[in-house]
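Undergrad: So the chains spell out like this:
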Amino acid sequence: SEVHDIFTTLRSQLTVDQEVKESLQRLLEPLEESVRELYTSLQAIHNPGKQSIHSICEKGDVMLLTSREKLGALICAVPIGRYYKFNFMWSFCMQRLVTCISLIHFLRNGTLITQVQVSNNLLIESDKFNLTLEDYLVGVLILASELSRLTVNSVIQGDYQRPYDIFKFVSELNAGFKLLHFKNDHLRKKYDSLKYDIRRIEEVVYDLTLRGLIPETEETKIEETQ
Amino acid sequence: SEVHDIFTTLRSQLTVDQEVKESLQRLLEPLEESVRELYTSLQAIHNPGKQSIHSICEKGDVMLLTSREKLGALICAVPIGRYYKFNFMWSFCMQRLVTCISLIHFLRNGTLITQVQVSNNLLIESDKFNLTLEDYLVGVLILASELSRLTVNSVIQGDYQRPYDIFKFVSELNAGFKLLHFKNDHLRKKYDSLKYDIRRIEEVVYDLTLRGLIPETEETKIEETQ
Amino acid sequence: SEVHDIFTTLRSQLTVDQEVKESLQRLLEPLEESVRELYTSLQAIHNPGKQSIHSICEKGDVMLLTSREKLGALICAVPIGRYYKFNFMWSFCMQRLVTCISLIHFLRNGTLITQVQVSNNLLIESDKFNLTLEDYLVGVLILASELSRLTVNSVIQGDYQRPYDIFKFVSELNAGFKLLHFKNDHLRKKYDSLKYDIRRIEEVVYDLTLRGLIPETEETKIEETQ
Amino acid sequence: SEVHDIFTTLRSQLTVDQEVKESLQRLLEPLEESVRELYTSLQAIHNPGKQSIHSICEKGDVMLLTSREKLGALICAVPIGRYYKFNFMWSFCMQRLVTCISLIHFLRNGTLITQVQVSNNLLIESDKFNLTLEDYLVGVLILASELSRLTVNSVIQGDYQRPYDIFKFVSELNAGFKLLHFKNDHLRKKYDSLKYDIRRIEEVVYDLTLRGLIPETEETKIEETQ
Amino acid sequence: SEVHDIFTTLRSQLTVDQEVKESLQRLLEPLEESVRELYTSLQAIHNPGKQSIHSICEKGDVMLLTSREKLGALICAVPIGRYYKFNFMWSFCMQRLVTCISLIHFLRNGTLITQVQVSNNLLIESDKFNLTLEDYLVGVLILASELSRLTVNSVIQGDYQRPYDIFKFVSELNAGFKLLHFKNDHLRKKYDSLKYDIRRIEEVVYDLTLRGLIPETEETKIEETQ
Amino acid sequence: SEVHDIFTTLRSQLTVDQEVKESLQRLLEPLEESVRELYTSLQAIHNPGKQSIHSICEKGDVMLLTSREKLGALICAVPIGRYYKFNFMWSFCMQRLVTCISLIHFLRNGTLITQVQVSNNLLIESDKFNLTLEDYLVGVLILASELSRLTVNSVIQGDYQRPYDIFKFVSELNAGFKLLHFKNDHLRKKYDSLKYDIRRIEEVVYDLTLRGLIPETEETKIEETQ
Amino acid sequence: NISKSVSDSIDMNSSLMESFRTFRADLDAHQDKYERLVKISRDITIISKRIIFNLHRCVGSTDREAIFEECVTKFSSISPLISSIQQETMDLDPYLYARAYTNGYQELVEALTFYHFLRYSSLVSYQHLSPFFKGTLLIIDYVLGVLDLTGEMMRACISSITAGDMDTPLQVLSFLSQMNLHLQQFRPFSHKELSNKLRTLSTSMLKVEKACYSLHLRGCSVALIAFEDDEERDLTDMY
Amino acid sequence: NISKSVSDSIDMNSSLMESFRTFRADLDAHQDKYERLVKISRDITIISKRIIFNLHRCVGSTDREAIFEECVTKFSSISPLISSIQQETMDLDPYLYARAYTNGYQELVEALTFYHFLRYSSLVSYQHLSPFFKGTLLIIDYVLGVLDLTGEMMRACISSITAGDMDTPLQVLSFLSQMNLHLQQFRPFSHKELSNKLRTLSTSMLKVEKACYSLHLRGCSVALIAFEDDEERDLTDMY
Ligand SMILES: [Mn+2]
Ligand SMILES: [Mn+2]
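Protein chains in written order, with the numbering used here: chain B, 1092 to 1317; chain Z, 1092 to 1317; chain E, 1092 to 1317; chain V, 1092 to 1317; chain U, 1092 to 1317; chain Y, 1092 to 1317; chain G, 66 to 304; chain X, 66 to 304.
Hints in this document: simulated from the structure, not taken from any laboratory. Since the model is a prediction, treat every value here as computed from it, not as a measurement. Note that the Cβ used here is the ideal one computed from N, Cα and C, for glycine as well.
Quick look at which bits of chain B chain V covers, simulated, 3 or more residues with Cβ under 8 Å: (1) 1127–1139; (2) 1236–1244.
Quick list of the computed label-pair ranges, beta carbon to beta carbon: (3) Arg1173(Y) to Glu1124(Z): 18 to 26 Å; (4) Ser1182(B) to His1277(Z): 16 to 24 Å; (5) Gln1116(V) to Leu1156(U): 28 to 36 Å.
Chain B with its partners taken away, still in its complex shape (with noise of 0.2 Å):
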């Protein structure tokens, strides 16, 4: 009959759509994986032992290499023109990737990336695939919570001079985020959670001054930073 003959049709596009979610799907898989062990290894920052910050980033760069490429698969099955269609499917992994290319960009630099440079750090083609500004910025929202544990793990092994460092980079992060207006999203939540984060690395700080704990060049570089 006539409705069979348009469900018959209806069917065969129903299945196209099933098959790329699947494919994107089995994609997705290993490039979570490469992510997860990188994030891993980067927590190492927290109880360094005998590794150097240094030596941490270091391992983190060889293990992008392989998340680089499990994202570059990725991006080549997803169709053209249908980007945001499955885009929430990999939105957690891009948030995470964010993190740890901006932690480690921070612990060198002492500055943050920008989400250019963290597009081209991943080599995304802006055509078809993209950072959206969302996981940007929550990406970076989970960095500074990051930071704010490795202030007191920092005072935890007597580096005195890491916790002003943060202080100073999360103060500027945070006088950045004031600067959007977010809508009650998502971002929003999230956005909430840097308040409480600035208040831990505050109270770090203040412990550190109250006990005349101040690396000796601090009072130049607070100065510098306001």
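Following the hints, complete the assembly by docking chains Z, E, V, U, Y, G and X with the ligands onto the known chain B.
TA: What follows is chains Z, E, V, U, Y, G and X with the ligands alone, placed relative to chain B:
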């Protein structure tokens, strides 16, 4: 500072995004209003009073003019290549439109309107805006629900032919849907309701058959359906 | 460290477990597909058109060949002694199979197929894989539901004998289920639906009796049931 | 009738199943009672008053005798080959036992007890009954939670060494868990709590370090952990 | 300590409560079993086969002996003055008993058994245990539901008198219930369903009247039933 | 028809309400924007850099001009006598305004601004619009929270006087709040957090006292602040 | 001890403490008034519910007037309660305490409109009800009460068929379908209670349709009887 | 019309109708009593809540006795309410209406035990409270009230630190940990409200532990000062 510059750039990006979304929202509201009115006016089929089904459909045609116009304005505002970023916003609206258009079509022709015909009816240019397969299917499932209710109301109005027509049509729809294979998602849940709709229609046809309220040429017609 | 060694061991254990589960999942999918097709094709009894019930059953037999084969592959992969660790995965599938097989059996013989007969039909070797009692019973309850719907559709198709046969059969089923005593669980909930199914069948038989639409030899037949 | 006979057979089968389950339930209750008492008595570590940790552990040993005996009775009653049909019943109980046994072990030796050691401690013969990997891991995660609370309470009691020991131990645990890769399930959710536990422990160690409340030989000890 | 004493006392009191509850639960189970059997055996009225309604009632009487005995044991165990602490446990059971006893009574006498008569029948001593008004009323509403089904089955069995008797009886019941004011509770919900039961009965009576299947001495008989 | 007239009237009335609400919403958004900017600019007290507290307050005054103007527009649009129908919409906004105004007031005068003073500051005409007591109190509680954070940051900036002033001020606030009886609502929850805020402040003061970092003329200064 | 000395130095008679004492008085007065209104509302609810049950006795009854008179008496017993609410809320923003007595008012609207529907076969408007409430009735409470009314209409429809009343069902169907069409257009107003009750209205609507359907089919059995042609009789007197 | 004739033939004075009239009276009386009890319970709740807020003023106050006396007066104002409950439920199974006033009673137990704890530093037992309730207090309401008390103890603990009271926190810690150990053993009793409150107790416990932890560390800062050795001073007078 450097961070400040990065965020100033991000702010303008974010603002653009939010403005697009808000302008779409503003264009969506009159569309929703017109679709709600269209839908409500078609509801009169269940209790037509002195109106004929024919005149209800004609009234529907007139109201569709407005919906088509409002939809046109919305389509113009959707940024190219980002259709899937926003389509969740008007998904509900498109489903309702499919239901209304396919209901009018069925009442006039007794057949199922195709996805392409609905698109044409709505003057949708497929390169930047399209009627998704999911929305088309959900709209058709809601049509089946409306028709199921209509069998009962037809009998109240003394029309014994329409239930048989609906029985034939929804049986074919049911067979059609069985050709598709849904993963566990929103569509599958909607599809489950079709089972109840069809049982309800069967009961009405049963009641009519039992009481010999078969329309004259029915014997032949049922024959043909199968 | 010591803890590290412990977790390395645990990791390999966990990996093995997850691989077993994934391989079972991969084998389950084609089984589910084939059972869905079998079930859909049997649905034709409600609206057979020019097909005879006889030919629908024969078509079912053919499709069962595939299901049996897919199930065989799954059975091979279940690790010995851990059947109950995974059986929740294919429970739904087994119930559907019971419904299909017992439906074909009823349509041909008018009797209930036993749990053992279903197992044999499916070539299940009982030492490592079995058809659980719960799945058999749930499958039979779904059969009653299908038959309840079939009474209505039989009358539509002008067959007044089948409703009486089903009435007799489901009454016996109901008496049988009353011998069992379910604790408050999934099965009990399904069993509650039997009450509605039987009432529906009674209503149809009432309608036929009231109108004297009793098949000729019915008097005797009803006598026998009791 | 034939159907009657089938159900009579099923009834006896069902009755056997239910009796097994009920007898297991009856044997489980005293086990649960004894585990609850054991767990409560170990809770005294958080506010030991005049008791020493040593004596709390010894009291735990005595109470374990009862648990072991009750568990033995349960194990005897589990039907061979159907362990996984029932193990959801005592899963919670086994997790608690793992927590208690591993807590005593840690307080005495400062190390992690292995899954095999716990099984041996509980006299579990692995052919028909076993401590599942999931239960062992959940039990260990609850241990981490208890230890996290213990760091705070140790400080209240003026014991500044224990927090460092716990810090070292839970850091290793955390590294261990990172070797595992959980799918989205119950375990993953529990595992998320470990992040909070470890942050809490870090904060305590931070407070102590900052105030110079480092136990004498601590410098060396921290060195070794890493 | 004082706190210790207070809580030890409390715990022993609550434990006593718990034990009372458990012992009541143990006594309740055989009662439930016997009531279920009684109820199931009375279900035979819907499909009596060669049994007479008379003999079904007599069989019911015999089964009631067991229920009465089991209830007696339960009553003995209920602590004086705390009936309402536990009565939610046997509420369902009492409702079913009311249904069974009032069904037998109606089948024999065509009248409604009173709350006091049910209590006497069950040998309930009102000082420590009683049949609550709610349970009596719910039981009677379930009776109406059973009778509604019985009208349909009476016609199937060729008994055209019983539907009239039931209609007369349930109409009077309905008039009684209309006098009551309910809260939005379980009772109200059950009462709402009475409307549907009576409508079904009335439809059957209407069908019979329409077909002239009124028993000859109808006017007189209705008179007699009252 | 009558029903038609009734509902047409109702609908137009409700539509008017809806339109009022929407127009209020439109006027609220710029107010919220300006309050957010005001609040953000005052946040600079925590990390003032080269700005003086004095200049931050002055900047706040300027920004308040905008808020006052936006609020004025909103007030004009609120229908007389229906303030409490809509006030949930700007409740959050009013609380923030109270916090900002009372913060500036405290920083300048060291005292609590009264509810009437805030109303005057905001040019609220009390007949159709008012600052509710709840919003005033919540705003003041958020002030306490800000001040708690400010004590920590004051120390970081080497200002040891402010913590004492804040402690004195919040202690008095706390004594005031202790006089009130709350329901279990939002206000109560906020009030509970006051305990933690004041404890943190007290800890800072304690830390300073312990280290002899009491500003010389402390006794006198506290006197003066009041 | 600095904490001690600070807390001791607090002047319990400062203007700050004075204003907090005023706050306490205000908060307490507000809470007390709210409690009093809740109690009145509960009283109104219980009387209204009983009136509704009484009104259902009208269906199929020969003595409707007596029941109506009884209801009128009960309605007048509610009047003083409304006066109390009016006095408590006089000169206040009507929305300030509306939440305290919305339940009672909705139930009362339901009772009043149900009474009116059964007695005069029409829907009483907000304007007509308002005086009974001495001007304290909010439109939203009227709408919510009318939505509850549809549930009672549905119940009355089902009962009336049994009671041999063939007009009420179709009257209810016509009323409900009009109300449904109008009320469903209220949907865009985001109001949780309203949305819930609109969903219930849809269900009631379907129940009434089903009832009218079988009522219609029963009439059509005439055709069937003719078709069966073994039981021909004059059925005109059956109606 | 058979329906009509059957419904007309119903004897409204039959014994069946008579017994339903009795049922109506019984159901109405039950409902009315329940409503009266709910109202009394709400009154008790509001007074008790206010007493609890007053009691928190004791923390760090120099005039505890005055506050206690005020509370005693308020408690005696509750006494007549309890008498009303006692009269309403006299000679009845105490569990029949318990649900109507459980909220009020729990709040009152919370207020009474909190008063007792602050004044006499001890927990008042069920046996000691019972007379105040004229024998109408159920054990479960006592337990639930005491569980609420732990929340107030936690609040008092946090405040007392700020107020420079160094003893109360440790006293609360000791009380709470004893109560926690005992109460957590109640878990197996399946009682939803009880389980919820036990979960809250765990949270309160952790908060008190955290508070005592920082109180302890502040004492230990002495060590830090020594360690820093540039600020050696006699700190004994700081306590
Ligand atoms: Mn109602
Ligand atoms: Mn409380």
